[in-house]
Amino acid sequence: QTAKQCTVYRGQETLIRHNLNKYPEAWIARYNFAIDLAALGRAEEAIEQYQLVIETQPEFLDARNNLGILHIRGGNLAGGKQQFERILEIDPTHVDAHRNLGVVYSRSGDWSSAGQHYRKALAANPDNIEIKKALKEMERRMRVKSSHTDPKSPLPALRGGG
956 QTAKQCTVYR GQETLIRHNL NKYPEAWIAR YNFAIDLAAL GRAEEAIEQY
1006 QLVIETQPEF LDARNNLGIL HIRGGNLAGG KQQFERILEI DPTHVDAHRN
1056 LGVVYSRSGD WSSAGQHYRK ALAANPDNIE IKKALKEMER RMRVKSSHTD
1106 PKSPLPALRG GG
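For reference, each letter of the sequence shown is one residue, going 956 to 1117 in the numbering used here.
Worth double-checking, as some hints may not be accurate.
[Unchecked claim] Straight-line Cα separation of at most 27 angstroms, DSS-like style, residue types lysine-lysine; simulated pairs:
id	residue 1	residue 2
1	K1036	K1100
2	K1087	K1100
3	K1036	K1088
4	K1088	K1100
5	K1087	K1036
6	K1036	K1091
Rather than coming from a laboratory, the hints here were simulated on the basis of the structure.
Using the sequences and the hints, build the whole thing.
Encoded structure:
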């Protein structure tokens, strides 16, 4: 069954790639292809496709957000931060961009900036349990950090995130 599915997908992938080469302006098809690649764990290829979408549709925020998430997952906090900041230049109230910047700043240890972005995300979406948990965890870490006498003492890694 799995082998058959792989053969079908490879055939579909070949068709999609052929069509994208023939019709490079088909950005929705490219965006959907990037989503599929990311779901298959092919992050580098997905990143490449998202970047091509953004070249033709620079204000397509879903592509920027997904690209930023892939950057974060790959350890490229600066790349993720760049995408989320660009989203906020276009739409200053974008909840996911604020939440994801909260993740970036938390992972960087910038608790003040993380808190600002989590609070903005929560203000726009006050029922979001995930954001509430992230803010609560970030505030706990700030208290732990301020009570440490050794500034080099490591804090646990942020759970969750983009």
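Verification of the hints:
Our distance criterion of 27 angstroms between C-alpha atoms is met by K1036 and K1100, whose separation comes to about 23 angstroms. With a C-alpha separation of about 20 angstroms, the suggested pair K1087 and K1100 falls inside the 27 angstroms cut-off, and the hint holds. Our distance criterion of 27 angstroms between C-alpha atoms is met by K1036 and K1088, whose separation comes to about 21 angstroms. Note on K1088 and K1100: the hinted pairing holds, with a Cα-Cα distance of about 18 angstroms set against a maximum of 27 angstroms.
About 21 angstroms separates the Cα atoms of K1087 and K1036, which keeps this hinted pair within 27 angstroms; it holds. About 22 angstroms separates the Cα atoms of K1036 and K1091, which keeps this hinted pair within 27 angstroms; it holds.
Hint violations for this structure: none, all hints satisfied.
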